[in-house]
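Residues per chain are reported as follows:
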Amino acid sequence: MTKEEKVIKRKNKSRRLKLVWSFMRGSKAFFIISIISALISALIDVINPQVISVTVDNVIGTEEADIPAFVTEWINAAGGFGFFKDRLYIVGGIIILLAAIAVVFQYCNRVFNTKGAETLVKTMRDSIFSHIERLPFSWHMKNQTGDIIQRCTSDVDTVKRFLSEQLTSLLRTLIMLVLSIYMMFSMNVKMALIACAFMPVVIIFSVIFNMKVEKQFTVCDENEGILSAMAQENLTGVRVVRAFGRERYEREKFNKQNEKYTGLWIRLHRMFALYWSATDLVVAIQVMFIVIIGAIMCVNGEMTAGKYIAFISYNAMLVWPIRQLGRMISEMSKAGVSLGRIDEIMSAEEEHDKPGAIKPDMNGDIRFEHVTFNYDGCPVILDDIDFEIKVGTTLGILGGTGSGKSTLMYLLNRLYDIPEGNGRITVGGVDIADMNAAWVREHVGMVLQEPFLFSRSIAENIGIAKDDATLLEIRQAARIACLDETIGSFSKGYDTFVGERGVTLSGGQKQRAAIARLVMQKTPIMVFDDSLSAVDTETDSKIRCALKETSAQSTVILISHRITTLMHAEKIIVLDHGKIAEEGTHEELIKLGGIYKKIYDIQSMGAEEAV
Amino acid sequence: MNDTQTKKQYTALPFFGLGKLIKYIKKYKWTLVVMIVCGVAGSVGDTVIPLFQRYALNHITDGVLINTLGGFIALYIFTIAFKIITDFTASYLAGKVELSMLRDLRTLSFNHLQTLSFSYFNQNSVGYIHARVMSDTAHIGELVSWSMMQGVWNLTYLVGALVVMLRINAKLTLLIMTIIPVITVLFAIFQKGLITANRQIREINSRITGNFNEGITGAKTIKTLVVEDKMQKNFIDDTTKMRKTAVRAMRYRSLLSSTITFSSSLALAIVLWKGGNLTVERAMEIGTLSVFMSYALGIMEPIRWIVDMISDLIREQVNIERLTNLLDTKSDVADSPEVIEKYGDTFEPKKENWEELKGDIEFKDVTFKYPDGDEYILEHFNLKIPQGSNVAIVGETGAGKSTLVNLVCRFFEPTEGQVLIDGRDARERSQLWLHSNIGYVLQTPHLFSGTIRDNLLYGNPNATEEQIYDALKRVSAMDIIEKAENGLDTDVGEGGDLLSTGEKQLISFARAIIADPKILVLDEATASVDTITEQNIQRAIDKVIEGRTSLMIAHRLSTVRGADVILCVHDGKIVERGTHKELLAQKGYYYNLYTRQYEEDAMKSVFDS
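In order, the protein sequence lines correspond to chains A and B.
Be aware that the first sequence starts at 0, since it is given in numbering that gives the first Met the number 0, and climbs by one per residue.
Be aware that the second sequence starts at 0, since it is given in numbering that gives the first Met the number 0, and climbs by one per residue.
Everything labelled a hint here was simulated from the structure, so no lab data went into it.
Computed from a predicted model, the values in this text were never measured in an experiment.
Fair warning: there could be bad hints in the mix.
[To be verified] Covered by chain B, according to a simulated footprint, are these stretches of chain A (three or more residues, beta-carbon under 8 Å):
| # | segment |
| --- | --- |
| 1 | 78 to 88 |
| 2 | 115 to 123 |
| 3 | 250 to 257 |
| 4 | 260 to 266 |
| 5 | 322 to 331 |
| 6 | 451 to 458 |
Backbone N, C-alpha and C define an ideal beta-carbon position, used for all residues, glycine too.
Please model the entire structure based on the sequences and the hints provided.
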């Protein structure tokens, strides 16, 4: 690793910490309470064996008490050890009391830890979601949907698992480790040394095993993925399998992979069984050492019976959690990786308006002034586009695939910004780049060729852009879009759920739903991007007439391949390979005898004659 | 999707539905017996180990320990070794049984799916079936091995500890045992709350994933509608609910473990008080008191495990039920025993008895409705498709154009009437015979992961190199091979995703040609591709249908125009039928559809010229 890489790595690490810190707003208090509770309950756990030890040695037995002075004072004030000897239920009571306190704090520790972790994860999810919604459209186009979703879900889950499960046990383990080691050393240094001698062995073993097993895990996971994908492929391709009569082949293929997968897992499993048995062995031997040496020390009078019992309890507190350390460490590194992947999303820059962005009147003439545009790293898609749309009129755009007509609309809607010096778009004389982006979008309504509907009811979909939409308004909008009748035929009417969990709408129905959505918006500028392509000619004209009536004030931009749709527009432009090839009214363009005329001729010749 | 169903199925099956699994477990009877024996033995070892401590403590003062130290250590080590070995064996075997059961169940369900009829696939989503094969099986495997072992282990420990305790001091043990019913009830209550909360968590979690999905795939629309805040509010509602439910789940989980801690302490207090008195009175030795404390502390955890296992069983019932339902589902379309006798079944065909297929298809008075639908889609439908002729089926997306194809392929069988292949009812011969003679080109071409060659050979594994290249040339797909890194042996990725849509189309055409079927079914793509690819595909189609009987779900005008018969489907029914000219003259549904397509083509042709 070079120096530079190291610096970058350190930078990344500190950025990740900063990220976590920022996600921790609102959850810090929970974490602090949780840690304090963990400390208290651990302390009580540590006191417990002492009570037993004192009881066994001094109350039941007759040893000299070796306990802090204030406790002795307290005991003497109560009537000495003899007092308790006759009233052992008091000792029982103390143990129950301690247990009650420990339980309460244990409960607090876990619940507050979860509260903290869940609050943190919620903040994280909310921030990510909000951030993604506010990232520029170009970011969305550049990144793969599947990958982003993966980061938002499984990476978040990894972090969450670490925070809510691993972090608590890690903290508890560490606290217990420190406390029990302290107690052991304070009781008997020799025995404590023996007990601790085994620790490095178990820890190193655990860490090495986890590193090794991780690799095997990855292989197993990959093979599970392959098997799962195989089943998926077979199920989605069931028609192909049947049609080619390859059931037997599929069976053999699946079985082979299934065998391989099973073999791998059995091997991994054996590794685990071996690991646990081996650590069990080490731990059991350690306990044996303690038991035997402790007993011998008792015989030699170096230790009391009560202390012996207490020591064994402390040893148990120490030895079992250590085995988990390796796993916790590997989980921690996984969480770190996930956090890094999330950070990559969070560090992308959100859309922002220019300082002093304005919200002017949007009822004005639209002008494209010498607009030139290309997508990142792609050739020019719009080349010196210059035209005007008078307020309240209709502009028709005709253009082939890749002519740049949709890009034109993306620019008008501020989905992309025109770079400095490449022309500008104005509405009522104001450059839209100087406006608030949300303001622009609220006033430029768009219907796309393949509209996206949300997985909600149809009514909610139509009324989504209006906060207080009534069913009456929604129905009115649906009627304009010629969709009311169709919706009526669904068994749940306007409450019908759309999408995966509900009905699947046809292309034409989706387009009409999107038009109804636009009608609800009542925007002064309306764009129809090839949005009636899946609707038949008759319905198409019906919808357009109804639209004309309800939104006569609006400026309309129609993109279509259907001359009959475009011909009534006040102005029509023909876009060819990023340039305006022709411009004028229907009559003017026909007279011109160019592309428009040609298409018109073919289309109006009609289908029959074309054969 | 099956939430109501899930709840309904919660009502108890006898023995948690485990009876249904017996036939799958049988094979591992002996392994399971050994596993259980080892589990019990290991557990006994765990029960015995504290006794060493007792012995040591009791004999500290009387010198017996020192005198017997050698034997003591030897026995101690032996017990440890015994325990480790039995533990290892038990857990190794449990894993083996788990994974073997998993493998068996997956193989069984996968194989069974290969024989199920299409109505099953139409009624159940791929995701649903996939979950049965992949995850239900995993749950069951785990249940049979681990839950069983844990249950056995804990039960043995519990019984063993209680027996030892009873023998040491019955009265004290009985006193401690009074705690058990109370905490069992508490465990059961908390467990139930935990399960409910966990189910809600899963539901909310899938909603959150759905939200992310929508927020990302719908980014364009969300931006243009300026509904970011609304979406976010919606999202925050869900995450808030998630936090609440997760904390609730944790409350139950903590209550469970707090109950253990507290009841252990309670037991400990009882032992110290009552047992302490006994020790003071010299009725009990100090080592015995200590070991009694160990047991009192140790028995609470096993009780929790047992409650846990029972609730596991209740939960897993659904998985068992769903998987066994799948395995018990009978195919709607099945070959009769006589047919199997003569032609063989899906996995063991008797190809020597197969007749050659010529390619005459006839629908004879066919009435049909889908098994899950209630509307008749075809009523007394008649159509003759002579060998070598082309039928085009047109209509909107979702109008039900695949019905005829499904019947010809015998993916479904007519409710009434017959589909005749070469003059004989399709049911008189085996499905595999028919399918081996049908080529199928899908709208979204489905390629399997593997190499290009694997995919090309899918319909005819014995095709020669010449046949492959000939087919590729005929559909002008040689470019793809030449361009590809390893030629025919280039990997196509999952679902063929390393190739473009157009390339996948061409490969799937070549695949159909190599299979050389007498009947070809073709579902044309609606997706727009560039003009050159479009022309290539068109040429490929012409090549593929040459000399075969073909049924095409068609979108391209050129394809439709050339067909011998055109069937127009609207709302699931055939509304018009005739040749291109006849239908245009009717000025009806077809006319409309055709005009629309025509306009688009017209524009394309002008701009692209």
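Here is what the structure says about each hint:
Counting residues of the segment 78 to 88 of chain A whose beta carbon lies closer than 8 Å to any beta carbon of chain B gives 3, which reaches the threshold of three, so the coverage claim holds. Counting residues of the segment 115 to 123 of chain A whose CB lies closer than 8 Å to any CB of chain B gives 4, so the stated coverage by that chain holds, three being the minimum. Only residues whose C-beta sits within less than 8 Å of a C-beta in chain B count toward coverage, and the segment 250 to 257 of chain A has 4 of them, enough to reach three; the restraint holds. A count of 4 residues in the segment 260 to 266 of chain A with a Cβ less than 8 Å from any Cβ of chain B is obtained; the coverage claim is therefore met, three being the minimum.
Coverage of the segment 322 to 331 of chain A by chain B is violated in this model, with 0 residues showing a Cβ closer than 8 Å to a Cβ of that chain against a need of three. Only residues whose C-beta sits within less than 8 Å of a C-beta in chain B count toward coverage, and the segment 451 to 458 of chain A has 3 of them, enough to reach three; the restraint holds.
Violated hint for the displayed structure: number 5, the only one.
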